[in-house]
Amino acid sequence: MKIALVHDYIKEFGGAERVLRVLADMYPEAPIYTAFRVKNSSCDRKFSDRKIIESKYGWLIRKWNLYSPLRFLAPLVWKSLDLSNYDLVITSCSSYFARGFKVDKKTKVVAYCHTPPRFLYGYEMSINLMKYWIVRVYATIVNHYLRIFDLWSSERVDRWFVNSKNVQQRVWKYYRQKSVVIYPPVEVEKIIEVSKNVKKEDYFLIVSRLVGAKGIVEAAKAAEHLGFSLKIVGEAVGYSQVENQLKKIRGVELLGAVNDESLHKLYAEAKGFIALAKEEDFGMTPVESMAAGTPVIAYRGGGFKETIVDKETGVFVEGTDVKTLETAMKQFDKVKWSREKLINRARLFSKEKFEENIRKEIAKVNA
1 MKIALVHDYI KEFGGAERVL RVLADMYPEA PIYTAFRVKN SSCDRKFSDR
51 KIIESKYGWL IRKWNLYSPL RFLAPLVWKS LDLSNYDLVI TSCSSYFARG
101 FKVDKKTKVV AYCHTPPRFL YGYEMSINLM KYWIVRVYAT IVNHYLRIFD
151 LWSSERVDRW FVNSKNVQQR VWKYYRQKSV VIYPPVEVEK IIEVSKNVKK
201 EDYFLIVSRL VGAKGIVEAA KAAEHLGFSL KIVGEAVGYS QVENQLKKIR
251 GVELLGAVND ESLHKLYAEA KGFIALAKEE DFGMTPVESM AAGTPVIAYR
301 GGGFKETIVD KETGVFVEGT DVKTLETAMK QFDKVKWSRE KLINRARLFS
351 KEKFEENIRK EIAKVNA
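In full-length UniProt numbering, the protein residues as written are 1 to 367.
Because the hints were derived from the structure by calculation, they are not lab data.
One thing to keep in mind: the hints can contain errors.
What the hints assert, rightly or not - Calculated pairs, SDA-like style, for lysine to any residue (alpha carbon to alpha carbon, straight line, at most 25 angstroms):
no., residue 1, residue 2
1, Lys323, Ile343
2, Lys56, Pro28
3, Lys231, Val217
What the hints assert, rightly or not - FRET-style restraints, in silico, Cβ to Cβ:
no., residue 1, residue 2, range
4, Asp158, Lys79, 46 to 52 angstroms
5, Gly319, Leu348, 47 to 53 angstroms
6, Asp321, Lys39, 27 to 33 angstroms
Every residue, glycine too, gets a C-beta built ideally from N, C-alpha and C.
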C-alpha cells in the first residue's frame, strides 16, 4: 500500500506530535503532508529524518505567526493538497482540521482525532483572544463557515480513531461519527528504565506548552503562596503571555524544552506532578509521570478521569484556587504511594498497545 500521513502543522512538539512521531516510525515510507512547516522549530527537528510536504500556502500562514488569524484560509489550504495517488491516508487532526484534501475514490482516509477544533465549539482555548471585541466579531463571521467545512471534511473520513472516550463523545456530538478509542502512545518502558534508582527530590513538576487553559499560572501562584518548589518544562507558544507571568512568580523554575532522557529523569525525581487543565483532551504527561513512579495532582475533568485513579495514582481536585490546592497537597502527603501500582496503571497506555491497536484497526479498514 502507498500510505501518506497528514498533520495540522509542524511547529511546536507536544502530545499530538508525539503520536505523529510514532505513526511516522510505524510507516517509515510515508511522507508527511502539513499546512505549514517552521524550519528548525522543536517539531521540525524531531522530524528531520522524514519527507515533509507543506501546502503551497505555507509561506503565508507561517509568516509572523499568522496561522491563527488566517485560519479562514484552512479550507483552501487543505483542498490544495492532492493525495489521490495514495491507497491510505492517516490524518492526525485537531485544531487546524487536517482534512478536506483531495483523494481518489480508491483512497481510504483514517482520522486519528485529538479533538474537534476547540475554538469552533466553545471549549476553553490556550490563548484567550476572544476578550477583544474585534476578534469576537471576526470569529462570529468566520467560524460559521469553518464549522461548515469542518462538518463537510468529517464526512470524507472512512474510519475515526480518537485518543480518549472524552474526545469520542465530541466526535459523535459534532460529527455524528462513530469512533474507536486508541489511547496515545506513551514510552512507558523507556521511562521505567531511565527512572530506575533515581532518588526523589522535593519539587513538583509541570510539563506543558506555556499557554493558558492549562492551569499553569494557578499552580505557580499556589507554589509561591504555599512555599513548595515548582519546575516547569515547556516552551512559549504564539501570542501567549504565560511565560512572562511565570517569570514574575517566586519559587518557579522555567526549564524550557528538554530532551526526552532529561525529561524522564525530571519525572522520576519529582515528588509529584501537577496537571490542572480543566478539559484536557487526553493528557499524556500524567501517564508519563506515573510511568516514572511519580503520583499526580490533577483537575477532575477531561481525559485525566480516564488515566488517573484517585488516591491510588493521584489526587483529584475540583478547582485550581490556592485553597483547593492546599487541601490537595495535604491529601497527597497522607497517601503511601506504590511505585508498582503507578507503573502498572501507566502500562495500560503504552506505545506498544497503541501500535498493536492501530495495526489491528488499519487491517479492518483494508479488509
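Do the hints match the structure? See the list:
no. : hint                                : result
1   : Lys323 x Ile343                     : violated, 30 angstroms
2   : Lys56 x Pro28                       : holds, 24 angstroms
3   : Lys231 x Val217                     : holds, 12 angstroms
4   : Asp158 x Lys79: 46 to 52 angstroms  : violated, 18 angstroms
5   : Gly319 x Leu348: 47 to 53 angstroms : violated, 28 angstroms
6   : Asp321 x Lys39: 27 to 33 angstroms  : violated, 42 angstroms
In summary, the numbered hints that this structure violates are 1, 4, 5 and 6.
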